Amino acid sequence: MSIGSLKNLALSDNGFVFDPTTGNTFIFNETALTIVRCLIQEKSKEEIIRSMLAEYEVAAEELERDYSDTMIHLKELGLYQ
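Going by full-length UniProt numbering, 15 is the number at position 15 of the sequence shown; the sequence numbering is gapless.
Some hints here could point you the wrong way.
[Stated by the list, open to error] Distance ranges between label pairs, derived from CB positions:
1. Glu46 with Thr25: 29 to 37 Å
2. Glu57 with Gly78: 32 to 40 Å
3. Glu57 with Thr22: 33 to 41 Å
4. Gly23 with Ala59: 32 to 40 Å
5. Thr25 with Lys75: 23 to 31 Å
6. Lys7 with Glu30: 30 to 38 Å
7. Ser12 with Gly78: 19 to 27 Å
8. Gln41 with Gly78: 16 to 24 Å
9. Gly23 with Glu46: 31 to 39 Å
Rather than coming from a laboratory, the hints here were simulated on the basis of the structure. All values derive from a computational prediction rather than experimental measurement. Even for Gly, the Cβ is constructed at its ideal location relative to N, Cα and C.
Generate the whole structure from the sequences, applying the supplied hints.
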């Protein structure tokens, strides 16, 4: 999978995301923003889930679902291949 498009994104702490390549803007929730930041750091799915489990009080199954939903959304937006 390619993270090339993700590396170009401008991310703000409040969830505002700007793609300078296309001029598109997006609003991501905290979970999606954390996942994108981890993907930019080239962390694996397992590393992302493990680090988020340590940071948030949430069930692993919920994070797995959030991760999958975020990946689908990123692909639909053309930000991740």
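Quiz item: Broken hints, numbered, in rising order?
Solution: 5 and 6
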